[in-house]
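Asker: Sequence:
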Amino acid sequence: MLHHLTISHYALIEHLDIDFNSGFTVITGQTGAGKSIMLGALNLLLGGRADAKSIQSGEKKCTVEASFNIENLGLESFFARNDIDFDATDCIIRREVLQSGKSRAFINDTPVPAAKLKEIGASLIDIHSQHQNLLIRNEHFLIDTLDIIAAHPQAVSDYKCLYGQCKQAEQVLSQLQERSIKGRTDQEYLTFQLNQIDEAQLQPEEQDALENEQHLLAHAEDIKQAFYQAKGLLNTDEMSLSQNLRQAAETLEAISDNYPEATDLAERLRSVRIEVEDIEAEVESKAEDIEYDPQRLNYVEERLNIIYELEQKHNATTIADVLDIAEKLRLELDSIENIEEDIKKQQAEVERLRALRNKLAAQLSKERKAAAKIMEQELIKVLTTLGMPNARMEMQITPRTAPDVSGNDNVIFLFSANKNVPLQDVSAIASGGEIARMMLALKSLIAKRTNLPTIVFDEIDTGVSGTMAECMAQVMQGISANCQVICITHLPQIAARGAHHMLVYKEDSEGFTRSHIIPLTQAQRVEEIAHMLSGSELTDAAIDNAKALMAQA
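One rule links them: number in this note's numbering = place in the sequence shown (from 1) + 171.
It should be emphasised that the hints constitute simulated quantities derived from the structure, not laboratory data.
Where hints are given, some of them may not hold.
What the hints assert, rightly or not - Computed cross-link-like contacts, SDA-like style, restricted to lysine to any residue with a CA-CA straight-line distance of at most 25 Å: (1) K287 <-> A259; (2) K331 <-> I600; (3) K331 <-> I568; (4) K619 <-> S328; (5) K224 <-> L176; (6) K540 <-> I568; (7) K619 <-> I551; (8) K537 <-> R571; (9) K530 <-> K484; (10) K499 <-> D357; (11) K718 <-> S707; (12) K231 <-> D679; (13) K499 <-> L344; (14) K395 <-> E448; (15) K353 <-> Q339; (16) K338 <-> D357; (17) K457 <-> H386; (18) K231 <-> A259; (19) K530 <-> N579; (20) K718 <-> K619; (21) K540 <-> H323; (22) K516 <-> V343; (23) K353 <-> K537; (24) K530 <-> I583; (25) K287 <-> F250; (26) K232 <-> N309; (27) K516 <-> Q348; (28) K590 <-> I600; (29) K515 <-> L502; (30) K338 <-> K537; (31) K353 <-> D505; (32) K232 <-> S707; (33) K457 <-> L412; (34) K552 <-> S602; (35) K457 <-> E382; (36) K515 <-> I583.
With the sequences and hints as input, model every part of the structure.
Answerer: And the structure:
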């Protein structure tokens, strides 16, 4: 339940610090006093949209903070999942809005995304405003209500899980079928590409060897001529270089007795002569070996063209890259050939999951129909106390054309407030006041069956007055036996039923308008309810009427 609320620099509220009690609390105040502002602050705290316009002029930020008692709400997993410190008794939520329009959110002083405030807020408080009366026309709200009455949360959870698995399996099947269609279209071209590579019989290292050979063959005549020219220079007709070196060595050797150092030079010349003779022989051999072969050159160039075309076609730089692409093509073709078997397996899985889903949907539908009977009976009882003794209704549950995330049920709320008037869709015939009373009756049913700790009613009494207001107050009083009820009201009949009473008022001071909220004493309550009965003039009759209303509570 909501323990304490602090609001700072939010709209017309400069600073508010207020405690809340269990049971039934009413909040009253003149129109425009700021009741809706407090509700807006609560909505902000529970993950609503942040707006820098809500910050008071001259302030850097506004802050809303509340503490909640969370005993027995089973929120441990939420705190563990989000790595937030857990206190088994209290939870403090804070939201700050900055001038930039950005906001910061905290749970037990741990920064969290605003979405986490919505998530935990759904377990802490239900704010029922006038526009929520439209929920009675909402099929998903009606289904959720039936599920609460049926008390089968595990079955609902299991169904949603199966529904998700089924949707995922159907998506996989659809993707496989699309791949099959595309594969059949691509198969011929992929096979052609692979055959081109396979027919080329590429070898990983052949490109370098062929490029070297092509270069040699293309320049064979020039190379052969160069070798013959070198041979001619080494061995002329008159005398070869080798002979000259031999004669030079002999000449130096002849003077070695007179000049000993000549011996070493002679030996070096002999070594050079031997190397020159080896070079001369190798030059002659290579000159003989190199032949210009135009047929071989043509073959090498054609082979290289095949390699270059494949590399260009597949955006590759080496034969190894082309061979890798061939392997990928082979795998893709294998996948295309095997995809029909995959489709059969996936179709079987989809059918299996659909059968389980449909079986569970049928169970949910059966239990919802039973819950609908209970809901109809209990709603009629409550509506009778709310001044609708002739009310009749039926939760019409029919099969959907296809299951959705809620199950396989279409739900329409059929209603008639009067005798001899046939049942019709509630959205077509019920007045605003009737819908307000029906929503209150539904909330009373839900409150008995859930552990939601706090319900806030924001002027749910719009469109009703007098005796009907008294009846609505009694129902809210009954709800407060199971949870904390906070009701913003403009009707004295409801205000008189509150166990606790707060007043919202507005005052002008030093050029500023500020809203305040204060708890009322018993005497102050009498005066406030008397004002609600008679207006601004406080009469003895109004005070007596106020006391009489409060005595009935």
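Asker: Against the structure shown, which of the earlier numbered hints fail to hold, in ascending order?
Answerer: 2, 9, 16, 18, 20, 23, 26, 32 and 36
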